[in-house]
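Please build the complex by placing chain U on the supplied structure of chain Y, with the hints as guidance.
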Amino acid sequence: MIWEVFRQEDAGEYHTHCGNVHAPDREMAKLFAQIQHGRRKPTNSLWVAPKEEIGEVDTEDAKFGGTTDKSYRWVMGYKDLDAAFAEEVADSESEQEEADEAKRARGGDD
Amino acid sequence: MAAEEAESTEQAERTGLGMPDDLSDDEREAVETLLYRLADDELVIAERYTEWQVRAPTLESDLALANIAQDEFGHARLWYDLLEDFGATEADLIFERDPADFRHATLAELPFEDGDWADAIVRSYLYDEAEALRLEALDGTAYPRIADRVGKVLGEEDYHREHAQNWLERLAADEQGLARLQDAVDRLLPAALALWEPVDEDVEARIDDLGIRTDSLDSMREQWFDRVLPFLRALGLDTPEGVREDPESFLPDHRGRDGDHTDDWPDLHDEMTRTYRELGRTEAHEIMPDPDEAE
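Top to bottom, those sequences are chains Y and U. In terms of the numbering used here, the first sequence opens at residue 111 and continues consecutively. In terms of the numbering used here, the second sequence opens at residue 161 and continues consecutively.
Derived by calculation from the structure, the hints in this document are not laboratory data. Treat the hints with care, as some may be off.
To be verified - In the DSBU-like style, the derived pairs of lysine-lysine whose C-alpha atoms are separated by at most 35 Å in a straight line are:
| hint | chain 1 | residue 1 | chain 2 | residue 2 |
| --- | --- | --- | --- | --- |
| 1 | Y | Lys213 | Y | Lys161 |
| 2 | Y | Lys161 | Y | Lys173 |
| 3 | U | Lys312 | Y | Lys151 |
| 4 | Y | Lys140 | U | Lys312 |
| 5 | Y | Lys151 | Y | Lys161 |
| 6 | Y | Lys140 | Y | Lys213 |
Unchecked claim - Just some of the chain Y residues that point at chain U, by a computed CB distance under 7 Å:
| hint | residue |
| --- | --- |
| 7 | Met111 |
| 8 | Ile112 |
| 9 | His132 |
| 10 | Phe142 |
| 11 | Ile145 |
| 12 | Gln146 |
| 13 | Val199 |
| 14 | Glu203 |
All C-beta atoms in this analysis are idealised placements derived from N, C-alpha and C, irrespective of residue type, glycine included.
Chain Y extracted, bound-state conformation (with noise of 0.2 Å):
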């Protein structure tokens, strides 16, 4: 049975996913995790998931209607905007952007 890992490096980061092990139950496969994913890298928790249980959406349903633009719907949108009138909106923007950072920080897609 092959269970899929994630990976924490820090506490409140995402946990991301790593790669997988071999396991007969959840007991064992945490055991394996600790080993194959949590011992050479900083980690600070690991969840542990049956592949079977991981539902996917592929690629092609991915990308998520149509080909017309959309980056309106992205807060990013927002960019060319003073958003000083909206505090909020302010709040959001860089929240994301921060987020973006932190992903490029980290090697790009998770």
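This is chain U only, laid out in the frame that chain Y set:
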């Protein structure tokens, strides 16, 4: 370094025995004897575990056992390093030492039955339950150099026991697995009794009197029986009738602790030191900082 020394001196005042240079001959002999027991067990069992590399039932179990072996090598290193306080080098302690001078228990040196994973699991279970007890008995040691290091080693032992217990439970759930476990218990439990044997009766008594160890070998053996026998029986395994009442009569022919080893030990030592000899080395190559320098 000065701060560390001050700290250790402070601890020495609190706990009883001095630093290496301050020990009387009797004290030193007691400390060394205890350290050889610990270090040799860890080194030799780890060396045996490595035989499973690329041969364990799955990649995951291979890595898990290799990880345990690495931990035990690391522990051996901590204890051998304390023997170096008395002037020995790593070459003296391992690579150029007469195999007959090693003091590990028979359990550590026995070869695995060919391809028998149950042997590896039962062995690590019996060993790590004993390991936990003897480390707990060092937690309040009177010797400051050991006191500094016990916590570090104890911290890694939980995983070992959890690993062994999980495997035991899974192997015992299956008829063939149970039969293999039973064979391994029959063969290894007597060898494990050697873990509690004295290197030398007088020196062992002195180790206790000086408070280097806060629990005697006999008392630890009792506690080990309390943990191990019910656990094995609950899995559906038989344990030798009367072993608790009369452990002496179940001891293996060669106990290891007294320097009397099985023929398998010189072979293993030869293999372990072959590269050192083939390369014509006269000292061990150091790839890691001294434990005292590490954080």
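* Asked: Which numbered conditions among the earlier hints are violated in the structure presented, ordered from lowest to highest?
  -> 7, 8, 13, 14
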